[in-house]
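Engineer: Protein chains in written order, with our numbering: chain A, 8 to 283; chain B, 18 to 451.
No lab work stands behind these hints, which were simulated from the structure alone.
Not one of these hints is a red herring.
Beta-carbon label-pair distances, calculated as ranges:
{"#": "1", "chain 1": "A", "residue 1": "Leu117", "chain 2": "B", "residue 2": "Glu394", "range": "52 to 58 Å"}
{"#": "2", "chain 1": "A", "residue 1": "Met95", "chain 2": "B", "residue 2": "Asn112", "range": "43 to 49 Å"}
{"#": "3", "chain 1": "B", "residue 1": "Arg189", "chain 2": "A", "residue 2": "Thr62", "range": "33 to 39 Å"}
{"#": "4", "chain 1": "B", "residue 1": "Ala448", "chain 2": "A", "residue 2": "Gly266", "range": "44 to 50 Å"}
{"#": "5", "chain 1": "B", "residue 1": "Glu366", "chain 2": "A", "residue 2": "Leu137", "range": "50 to 56 Å"}
{"#": "6", "chain 1": "A", "residue 1": "Asn217", "chain 2": "B", "residue 2": "Pro407", "range": "30 to 36 Å"}
{"#": "7", "chain 1": "B", "residue 1": "Ala237", "chain 2": "A", "residue 2": "Ile27", "range": "43 to 49 Å"}
{"#": "8", "chain 1": "B", "residue 1": "Gln377", "chain 2": "A", "residue 2": "Thr62", "range": "35 to 41 Å"}
Residues from chain A that keep clear of chain B, each with C-beta distances beyond 12 Å, as calculated:
{"#": "9", "residue": "Val107"}
{"#": "10", "residue": "Trp164"}
{"#": "11", "residue": "Ile201"}
{"#": "12", "residue": "Asn217"}
Backbone N, C-alpha and C define an ideal beta-carbon position, used for all residues, glycine too.
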Amino acid sequence: MARAATTQRKALNTALAWLIGFLIFFPILWTILTSFKTEAQAIASPPIFLNFDWTLENYSVVQERSDYMRFLWNSIILAGGSTILGTMIAIPAAWSMAFVPSKRTKDILLWMLSTKMLPAVGVLYPIYLLFIQLGLLDSRAGLVIVLMLINLPIIVWMLYTYFREIPGEILEAARMDGATLKEEILYVLTPMAIPGIASTLLLNFILAWNEAFWTLNLTAVDAAPLTAFIASYSSPEGLFFAKLSAASTMAIAPILILGWFSQKQLVRGLTFGAVK
Amino acid sequence: MKLANALRAATALSVMTTGAAFADTITIATVNNGDMIRMQGYTDDFTAKTGHDVEWVTLEENVLRQRVTTDITTKGGAFDIMTIGMYETPIWGANGWLVPLDNLSAEYDAGDILPAMAGGLSHEGTLYAAPFYGESSMIMYRTDLMEKAGMEMPDAPTWDFVREAAAAMTDRDNEINGICLRGKAGWGEGGAFITAMSNSFGARWFDMEWNAQFDTDAWANTLNFYKGMMDESGPAGYATNGFNENLSLFQQGKCGMWIDATVAASFVTNPNDSTVADSVGFALAPDTGLGKRSNWLWAWALAIPAGTQKQDAATQFIEWATSKDYIELVAAKEGWANVPPGARTSLYENENYKSVPFAQMTLDSILSADPNNSTVEPSPYVGIQFAAIPEFAGIATEVSQEFSAAYAGQQSVEDALAKAQAITNDAMEAAGYR
Chain A
8 MARAATTQRK
18 ALNTALAWLI
28 GFLIFFPILW
38 TILTSFKTEA
48 QAIASPPIFL
58 NFDWTLENYS
68 VVQERSDYMR
78 FLWNSIILAG
88 GSTILGTMIA
98 IPAAWSMAFV
108 PSKRTKDILL
118 WMLSTKMLPA
128 VGVLYPIYLL
138 FIQLGLLDSR
148 AGLVIVLMLI
158 NLPIIVWMLY
168 TYFREIPGEI
178 LEAARMDGAT
188 LKEEILYVLT
198 PMAIPGIAST
208 LLLNFILAWN
218 EAFWTLNLTA
228 VDAAPLTAFI
238 ASYSSPEGLF
248 FAKLSAASTM
258 AIAPILILGW
268 FSQKQLVRGL
278 TFGAVK
Chain B
18 MKLANALRAA
28 TALSVMTTGA
38 AFADTITIAT
48 VNNGDMIRMQ
58 GYTDDFTAKT
68 GHDVEWVTLE
78 ENVLRQRVTT
88 DITTKGGAFD
98 IMTIGMYETP
108 IWGANGWLVP
118 LDNLSAEYDA
128 GDILPAMAGG
138 LSHEGTLYAA
148 PFYGESSMIM
158 YRTDLMEKAG
168 MEMPDAPTWD
178 FVREAAAAMT
188 DRDNEINGIC
198 LRGKAGWGEG
208 GAFITAMSNS
218 FGARWFDMEW
228 NAQFDTDAWA
238 NTLNFYKGMM
248 DESGPAGYAT
258 NGFNENLSLF
268 QQGKCGMWID
278 ATVAASFVTN
288 PNDSTVADSV
298 GFALAPDTGL
308 GKRSNWLWAW
318 ALAIPAGTQK
328 QDAATQFIEW
338 ATSKDYIELV
348 AAKEGWANVP
358 PGARTSLYEN
368 ENYKSVPFAQ
378 MTLDSILSAD
388 PNNSTVEPSP
398 YVGIQFAAIP
408 EFAGIATEVS
418 QEFSAAYAGQ
428 QSVEDALAKA
438 QAITNDAMEA
448 AGYR
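Work the whole structure out from these sequences, hints included.
Structural biologist: What follows is the structure, given as structure tokens:
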């Protein structure tokens, strides 16, 4: 009897998980479906779910109008560059906070996180003026630095959490065996924290990919990533939902694919240390 | 002979080299709408004529506004041409942020720009932006539903007639709403509509001392009339409807009337997108007999930021994009219904364009709007659906949020007006107007 109840409960949980998963994925699914409709079908009421004449016209129009590959390449450089740079800075920072904490470590961690609470628009003008002075406006280098700085608190926090799970005695043993600080971090700490580092990298890459305030305000032509590509199809005066959906689908496809292939690593990293 | 040939070759080479040296690449920030996207498609024609290349940065309207405002106020120099509207142009022109367009070629014929447009895009008589297309607002209505209701739309109706017709056309069982109007918060969305409507009810934003006027009967009448009519005959959730939502409803045959931008006429009469394309009529925006109608005036225009290094190329582009030749080019390729409307007088004198069903009503609507004299009682500001002062966008966004909350039934009209009064007076005091 107890077993039957467990099976029932499992089935219920599974169904609930699928339902929640479907609800979360539904807006993306709807965007993808809309991208294959005509503009008239896209706004039809009641909405048409699957029963429409599928067309690739929107993709053709978007390809013709915009240089998708240029936007895609910029997104890869910005998300990849800021992630790598951020990780290079965050690993030593998280190491020192996890293994050589001081009285102020917790304050520093909280202060770092508090920078995320400031509305971005509040520092738009100072950053914009700095970019003009440094000649970084509409440059990938400038955007990589800004995106790295935005996500750095999250990377440090995540890595700090993962590093805290690693027993300090192992590092101590490495030191006693004569490992230098660099060797300790590179050859002892990093391999043990690989799942955590991988999930941090992935999450940071996704956050940088989707960042749509600085990437719109600090770029024009040369450094504009896929967020600018999507913004060019949004219009408050004119119904271009099907084309906007096609552009959105093209913009999210790479990150969806990346997320799909790395989901195991992502889940493993995010739940690392969650159950003891 | 050889010497002559050598000289000719040297001259040709010199001209070619000079041409190449002056070939620039200009960066243009623009909005995503049908006419602007169409223009991007014809960029090759400009390049062929001038040798200059064009890089486009197309953004959604609100993003564009923030982007170009940041750039021009910090002298960022990211753009050589900016697409701006009637709200920004006089303010930016007065601040010296834009290059005056007072040196346009005779061939361009700046005198042909519709006076209402030129006036709204000038500061102290100097043109600072050239209109690419202009619009007013008007009534678009279903001729079949009007006939079924046993009524006839006059060319210049009153609000009372519109309310009566809306009630007569409403058929909830068949999902037909007598009237669809903007209610969405935002100074350029519902805020623009209600401000233009308030003009016809004798309301104004400020008196001559910049005191807010939301505590007047004129504003109470405006909001009560709007809410009463929309509750009777408007679509469900009208408090969150903007241009696109109403366009979608109208195209699907769910609105008897829609009062909105004249550019919408080409959308609702396009049989590819609209299910009611063959039964749409047009009329002037309504009034209440006080001498002002409730139509607005707007133009998307091209302006050159003062810091650009490519002023010559930018000027050439503006002359090309807003010229009579460009209109001819679009007409030849895509038909007269698709040319950018509302900018040039000559377009409305063109016999071919006169056959476009909404052409005359668009012109009449534009001509009946006067941004320098938009209110029944005197007001200190320029603008019809806005007051051309830098503080307006922020204030009007907050005020329109209060109005939308009243439309949605979250607060009373009286409360919304009281809050609007306080918000506006506080902001104007902080800005040093009072």
